[in-house]
Each structure stands twice: as structure tokens, then as C-alpha cells.
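Could you put together the complete structure from these sequences and hints?
Chain order of the listed sequences is A and B.
Per the working numbering, the very first residue in the first sequence carries number 65; after that it's consecutive.
Per the working numbering, the very first residue in the second sequence carries number 652; after that it's consecutive.
Hint data in this document are derived by calculation from the structure and do not stem from the laboratory.
By construction, the Cβ of each residue, glycine as well, lies at the ideal position given by its N, Cα and C atoms.
Among the hints, a few may not be true.
Straight-line C-alpha distance at most 30 Å; calculated DSBU-like pairs for lysine-lysine [claimed, not checked]: (1) A:Lys-116 to A:Lys-274; (2) A:Lys-115 to B:Lys-684; (3) B:Lys-816 to A:Lys-115; (4) A:Lys-82 to A:Lys-259; (5) A:Lys-116 to B:Lys-684.
Some chain B residues well away from chain A (every beta-carbon gap over 12 Å; in silico) [stated by the list, open to error]: (6) Glu-653; (7) Gln-658; (8) Lys-684; (9) Ser-866.
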Amino acid sequence: MLEIRDLNVHYGGIHALKGISLTVEAGEIVTLIGANGAGKSTTLSTISGLKKPTSGQVLVEGEDITTMRAQARVKMGLCQVPEGRRVFAEMTVLENLELGGYHRRPRERTADFDLVYDRFPVLASRRRQLAGTLSGGEQQMLAIGRAMMAHPRILLLDEPSMGLAPLLVQEIFDIIQSINEAGTTILLVEQNAHKALQIADRAYVMETGKIVASGPSAELSATDEIKRAYLGG
Amino acid sequence: MEQVFQQVINGLSLGSIYALIALGYTMVYGIIKLINFAHGDVYMVGAFVGYFSMSTFKLGFVESLLIAMMICTMLGVLIERVAYRPLRNSSRIAVLITAIGVSLLLEYTMMYFVGAGVRSYPPLPGFLNGSFTVGGVVIKNMQLVIIGVSVTLMILLQFIVRKTKVGRAMRAVSQDAEAARLMGINVDNTISLTFALGSALAGAAGVLVGVYYNSINPLMGLMPGLKAFVAAVFGGIGLIPGALIGAYMVGLLETGVVATGYSMFRDGVVFAVLIIILIVKPTGLLGKNIKEKV
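Here it is as C-alpha cells:
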């Protein structure tokens, strides 16, 4: 469904991604784990079109979208929930969700709203409130709900558990799992490797711009090296 | 007392014109953080388009207003496309200097074609030239037209920004352009639209000023441009209601200063107030303290 081939990205003089290749099959949850600055977020931003690679390819269902603009990628079903949530703080919850479904027709959106409100009842009760006044967890729900409004086939999640209380982290991961069960393919970037490996089918481990290990989550979790480096034991 | 009301009416007309210009400043600042110093010159071009439309082509006031707005819209979009867009990822100072360059280019290109002299708008049909008296206060019909046209355009703008899909996109881009791209919003087109709307308002202001003060020249955009900028900063730059409040305050202040007999100081007082505002409340009347993004 999603494939990236030998991707290289430079920031000024810094070689941020050094020939990354990975695949995500339809219906999977794949997680990308690794330390801060390993290039996980850069990988997601290159897939969503915010960053331009110096070389390599991004393919969605075999179609090369490497040079496609970010807004066109959203239309073809590739949606990113950015790191730090990035909700539009000065706009209401409702307006944020409307922006999520920016390329959809108003008539199609009605059902989408129901779907999002169904999954996040708290957003329904706060829909007239400014997004900036929501708590961190609620903002994360809004960020995910906003992405769902676009009807993604592939959802790219960047650190959804960042800065959340443990109870909320569990809730967010449950939600991610249920979105996946409803048919959306997910590529998840997480620093909370433990949780990410629990819900993911497969995982890639990144270190300083390279993929250093990959495989089914269960297998990776059992490796001594991964345990020591990322799972705190 | 009559004197006060008289000055309020005069101040509101002047303030309306500043408001139309200030809105363009503040919207462009809100969306790309650029002080568009060429904006006052778009207003000047609007005044000349209206002049030629009325004198050479003998068109009416309303037609001329619409034509000036249309041509300024295209000019604004063109300026953004040619001068600012290639610098999207450059430092802000580079774009600012470019804006000053565009401003000079417009002023002296216009001067090349029409000369540096002052031109007068052709006389208007009877109704627009008329005036009436209410309790000793003389109200010119043109003042009502200026206030009416300005308020109508502001309401229209507010509707576009608050209630329409493109308006939502504009606000989204101004808050977080990258997140807006992730929503599938075409950021470049949204910025073009912002320039289009701002320039249309400036064009309208140009024609209204030409008709009201009856005298235009290629450097006429300089001072109103600066004052509209003051108005925008005054109210809190980047905020539409701030620009409106600021513009009417500057208009009233200026006519007030003139009315008390210190017309030599009219510009000085406006800029002095700007300095005081910046000292007391650097973010402007409606501005919030700037939050650092984490």
C-alpha cells in the first residue's frame, strides 16, 4: 500500500535520512521507533509531502508520488497527524474538524462528523470551544479526529502519546487500534516503543537516519538489543 | 458641540479610508508575516485607475470603483507571485526590502507614465457633490458614500473570513501554514487570495480618496500607507478587528488635531501615538502577548 525506496533527505548540510526503505501493507499497523533525532518525523513528513527528498521514491499502491504536492496527497488518502498535535488553537473544535475535511463536499461531511463525534464524544460536547482551550489529551483526540475527517486510507501518526498522562496514553493507543480495525492502514512513529510494539504488526527501528532493524513486533520485542535500547530492560 | 460632531463625521470618513488600506496590511501580515510596504502604492494605482476610468472613459462612479478594485486585485496577486513568492523561504528582512523595492517601482513607473504632477478627478454628478445640514453639522453626501462603501466592504470581508471555506483556509494558514498543508489546503493559492482581497480594498480606498479629496499623484500612497500601517499596529497587527479600531482611531485623532488648529502636527501626532502604544502595549490594543511555539 505504501512503499518508500532508498529515501535520502538533507536539511541544509545535514544528511537526515540515509537511504531509508520500508513498506506498509494494507490493513497493517507499522511502527517506526528509535531515539530522538533518528529521523522518524522526517520520514513521515517526507511521505506526507512537507519535506522534499534529495533522492528516492515514495509510492502509494504502486503510484510514484515523490513529486506530488502535499495537498494532493491528502486527497488521495494520505493523512498525517503532526507531532505536537498542531491543532488550530484560535479556531473552534468544529472549525478544526471542518478543515480536516477540507477537500470533502459539505454533504459528505455530515456522516464524517457523526463518525468522529461517535469515537470522541468529548469533541462533540466541546465543538464550540476554541481548540487552544482543550487539554492535551483532548487536543490529541481533535488532531486524530481532524485527520479522520479527510477519510484517510493511510494514517501517519507522529508521536501521538507525547506529553500525555499514562491513562490517556492507553486511551489513545486503543483508539489507534480501533481506527485500524475499521480499515485504515497506520504508520505510527513513537518514542514509547513498548506501547507501539504492543499494537503494531511490524516495526522498523531507526538510528541516526538509517533503519537498523525490522520485523514483526513480537519478534523484535524479544530481541535482547531492542529490549536493552528501547524497552528499558 | 456642533464642531465636535462635525469633526467626528470627518474623522469617520478618513478613518474608513484608512481602514480599507489597513485591512490589507493586517491580512497580509497575518498570513505571511510581511509588512507589505507596496500596499500603499496599490491604493495609489487604484486612485489612478479610477481617474482614467472616469475622465478618459467617462464611466460612472460605481463602475470605476469596481474596475479599480478588479485591476488592483490583479496587481496584488501579480506582486505576490513575482516578488514575494520566490522569497517564501528567505529571511523576513529580504522580503521586507523587496516590498520597499516594489513600492518604489510602482511609484516611479506611474510617474513615468502620468508625470509627477497632481491631477484632479473630474467633477461628480450632482448627488455625490451635494451635502445637507443636520443641526448645524454639514454632512457631505460623499462622506456617507465613503462610510457606506467601506462598511459594506468590511462586512463582506468579515463574512468571507469567518463563514466561508476559503476564509477558514486563510485563518488556518495564518495560524500554522504547515498544518494547513496537511489538511489539503493549497497554501500558495490561499496567500494569493489574501493579497487579492487586501488589494481590492486598497483599490476601493484609492477611488474614494480621489473622489473625496479630488487630487491624486503618484506618491500619494506613501503617507496613507504609513498611517494605515500605524492603524494596523495600533489595533494589533494581524487582527482584522484591530485594524478597524486602529484605523478609526487614527482618523478621528488626525481630524481632531487639525480641528484644534495644529494641522501642521497631524502626521506627527499619529506617529507619536504609535510610539506610545508600542511602549505601553507592544502587541497593540487587541494583541495578545506573543506565545512562543514549542
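Task: Cβ separation check - Glu-653 (chain B) to all of chain A, threshold 12 Å - done: Per Cβ check, Glu-653 (chain B) is outside 12 Å of chain A; nearest 44 Å; holds.
Task: Non-interface claim for Lys-684 (chain B), where every Cβ of chain A lies beyond 12 Å - done: 15 Å, holds
TODO: Mind checking the alpha carbons of Lys-816 (chain B) and Lys-115 (chain A) for me, to see if they're no more than 30 Å apart?
DONE: 26 Å, holds
TODO: Beyond 12 Å from every chain A Cβ: check whether that's true for Ser-866 (chain B).
DONE: 42 Å, holds
TODO: Could you grab the alpha-carbon distance between Lys-116 (chain A) and Lys-274 (chain A) and see if it respects the 30 Å cut-off?
DONE: Distance of about 17 Å is within 30 Å: holds.
Open item on the list: Please verify that the nearest CB of chain A lies beyond 12 Å from Gln-658 (chain B)'s CB.
Closed with: 37 Å, holds
Open item on the list: Holds or violated: Lys-82 (chain A) and Lys-259 (chain A), Cα atoms, limit 30 Å.
Closed with: The hint holds at about 27 Å.
Open item on the list: Would the hint linking Lys-115 (chain A) and Lys-684 (chain B) be met if the CA-CA limit is 30 Å?
Closed with: Holds: Lys-115 (chain A) and Lys-684 (chain B) sit about 22 Å apart, inside 30 Å.
Task: Distance restraint between Lys-116 (chain A) and Lys-684 (chain B), which requires alpha-carbon spacing of 30 Å or less - done: Given pair Lys-116 (chain A), Lys-684 (chain B) holds - Cα atoms ~24 Å apart, limit 30 Å.
This entry satisfies every hint, going by the numbered hints stated previously.
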